[in-house]
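S.K.: Following the hints, put chain B in place on chain A, whose structure we already have.
Protein chains: 2
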Amino acid sequence: MSERVLVQQLQSLPDGPVSVSGWVETVRDQKKVQFVILRDETGAVQLVNPATRELPEDADDAAKAALALTETISALTTGTFLTVTGALKHDERVKLGGVEIKIAGLDVAAAALPETPIAADSGLDKRMDWRFLDLRQRRNNLIFRIQTTLEHAMRTYWIERDYIEVHSPKLMASASESNAELFEVPYFEDKTAYLAQSPQFFKQMAQVAGFGKIFEIAPAFRADPSFTSRHATEFTSIDAEISWIDSHEDVAAMQEELLATAIAAVKQKHGAEIEELFGLEVQVPTLPFPRIPLAEAREIVKSRGYEIPRTDGDLDPEGERQISAYVEETYGHQFVFITDYHPEIRAFYHMRDEETGLTKSYDLLFKGVEITTGAQREHRVDILIEQAKEKGLEPEHLEFYLDFFRYGAPPHGGFGMGLARVLMLLLGQDSIREVTYLFRGPTRLAP
Amino acid sequence: MSERVLVQQLQSLPDGPVSVSGWVETVRDQKKVQFVILRDETGAVQLVNPATRELPEDADDAAKAALALTETISALTTGTFLTVTGALKHDERVKLGGVEIKIAGLDVAAAALPETPIAADSGLDKRMDWRFLDLRQRRNNLIFRIQTTLEHAMRTYWIERDYIEVHSPKLMASASESNAELFEVPYFEDKTAYLAQSPQFFKQMAQVAGFGKIFEIAPAFRADPSFTSRHATEFTSIDAEISWIDSHEDVAAMQEELLATAIAAVKQKHGAEIEELFGLEVQVPTLPFPRIPLAEAREIVKSRGYEIPRTDGDLDPEGERQISAYVEETYGHQFVFITDYHPEIRAFYHMRDEETGLTKSYDLLFKGVEITTGAQREHRVDILIEQAKEKGLEPEHLEFYLDFFRYGAPPHGGFGMGLARVLMLLLGQDSIREVTYLFRGPTRLAP
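Respectively, the protein sequence lines represent chains A and B.
Positions in the first sequence are counted from 1; adding 3 to them yields the numbering used here.
Positions in the second sequence are counted from 1; adding 3 to them yields the numbering used here.
Keep in mind that the hints are not guaranteed to be accurate.
Pairs count within a copy or across copies, as identical chains cannot be separated in the list.
[Stated by the list, open to error] In silico BS3-like cross-links for lysine-lysine, where the CA-CA straight-line distance does not exceed 25 Å:
{"#": "1", "residue 1": "K270", "residue 2": "K216"}
{"#": "2", "residue 1": "K305", "residue 2": "K129"}
{"#": "3", "residue 1": "K272", "residue 2": "K216"}
{"#": "4", "residue 1": "K67", "residue 2": "K105"}
{"#": "5", "residue 1": "K194", "residue 2": "K129"}
Treat the hints as calculated values from the structure; they're not laboratory data.
Okay, chain A solo, but in the shape it has when bound (with noise of 0.2 Å):
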């Protein structure tokens, strides 16, 4: 038998005999000529049989041979695996990549049950409770093809300037942002532990241990009750902190050319079948990106009629898109650092500016969504534990992270990232859950 060739090597393959595996998308069981299509994870190939209906009486074994293969492929449900030796044909009449196999044997992994419990415009709820099934579809397959290129991307750029990844524990003693959306795991010993909300403190715990720069791709957990499309119970976070920082503008400086990086490689693999599958263009984002004052921000959302109802001084969604549309029109830009926020809605942990009292701090927008939090990190004991009180934490609570400024620490700071976030608004979706591999949220533990 021959070895296996994946569907998108067939058409630079001579005619002759090949074997290719792959699941049954359509079968065309004609009077006389079979067709089915076979796809595997390149891409999909036509194979075709003349049917045997039925043997003459003398019949010999090779026509029993060709009526028992015809009844098996008639037999063919959709969503069967299976491999198929045949010879291949170069024929440009052939839609489908301009070849096909003629079938001279096939065997059958495992059958799939007839009927498919999902459609391809069935409901994404639906489509979630048989992921399995619509993770199959071409564009589906490569939404992960991108992530993992995306990633890579992303690693090899912190690699080759020498950060270290990290992975931090999952499973904590305490909260690592706030007490709300905490989830509690019973631990050994009659104790509690927590699932981690972010890597924050001990993404933290590197600087002051002297890594210098780090980063961790991993899941992070938030027992957070909402059903919006942009937030999930568990995702995936990219997180990065670097030492010796003169502000918050070295993070973003780092956050923007990594970002570039990223969609550039992304845009290089799969531009062509983004453009295809998805219908648009990826674009490379040119640096630096904007950056906007929070204030002026408001002023500018203000000043295009959207009216921002939320008192804290802090953007809505509404006003993300106003200042994104903006920039987009402004700048032809779409991300833009949003700097300045004030204290009362930063974490305790952002470090102040001594002139304006507002944090080191700043938001990522991508198309009009947030998709970053990055700040320089208060790295003075004394400094940090007033800014906690500030909030009402106690600082008892806290002493274990306390203690890593107690002995020497560098100024740092970092971003945290959504993956899926990025992953969503690159592709124009309109929610997480399509680009999450198996989304978990309030009402979603399974499959």
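M.R.: Chain B alone, transformed into the frame defined by chain A:
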């Protein structure tokens, strides 16, 4: 002020003004001259200052500043993070890299408390209490640079071969391995979630989804009350799964090539430093790794005079050391695949050989310790259900998993490998605690 330079760059710079940032490793405060050893993430350098101990009556500003600098240096505590500007001077008499910096200015970022709670010879548990200080040691820093190189080489190996990187959920509605060792998480709507013990089911899901070849590097959780040097309640699991294999041998062939590639990358980048700091030479394994069927391995162990006490037919830790010693002596190899395990000591989803009835699976031992279980999986749902029942599992509780195989499935298999075990053995360490960023065990949940 000059831009920060890394300590490792100093040797290649000309004499002249530089700026370095790091932490104080030691201060030698002699009467006439002060020496500070400053370490950053790349190395250590000697800083020097001619001491000014008292001022003449007509002291000028420069003299006053010199006195202040001397006093600042005298007060420096070990671990204090600071930036120093000064004049770089090459001097071959300086043991530490043949350069020193005459201090011109010194800026403390955050001073350390005077008493450092751990010393280089503190016990492991104490060092873990103060892991952020422990990680400042050069060899601990190196461990995580090695980890970064090892992982990146593995990811690159896979990505060059068109694997997809997945992030499977860690919150699950049911057990992925067995009901033992399961952390429970109270979830929404009075449901209970479980922390994934492995990505087993979800990496198999990628195969029925037609992804072809996938990998994942992510945390896995075991509510395992054991206190051995190689168990943790949370660990980083390296997983791969591939379709259209003929047997577990295809998985083993991929894994051995992967490991040889990754270890070669580590040796190339860090070999000299590993030799210096860990006193061992990294051995890049030759291909193929030796393979020994389990029954034969037990015979060999017996012939070496060790009687394995366990009666289930498996090797015990001493048996693993014995067979590895045999392989090292006989083949000069640090790795060995043990194959052909009896179904009784394997998971229900391991495929069985039709002729022998043994599972199509292996364990991989590295320097006498198991680091991996690999197998071909049973993809035929009827047989899978039978095998589950045989193990006392109730198929009703596995419905979501069994469904994967009802709509078509390719033959497939994969392996799971503990990152910390590989690192521990590669670097000749006694415990995974030494090579885990922040270890988690039954009595260890902090920092």
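S.K.: With reference to the structure, classify each hint as holding or not holding.
M.R.: Now the hints, each set against the structure:
1. Taking the closest pair of Cα atoms, K270 and K216 come within 25 Å of each other only across two copies (22 Å); inside a single copy the shortest separation is 27 Å, beyond that limit.
2. Proximity of K305 to K129 under the C-alpha cut-off of 25 Å is found in neither arrangement, the shortest distances being 41 Å within a copy and 57 Å between copies.
3. Proximity of K272 to K216 under the C-alpha cut-off of 25 Å is restricted to the inter-copy arrangement: shortest distance 18 Å between copies versus 28 Å within a copy.
4. Taking the shortest alpha-carbon separations for K67 and K105, only the intra-copy value of 18 Å comes in at or below 25 Å, while the best inter-copy value is 93 Å.
5. With identical chains, the CA atoms of K194 and K129 are at most 25 Å apart between copies only, with a shortest distance of 21 Å across copies and 39 Å within one.
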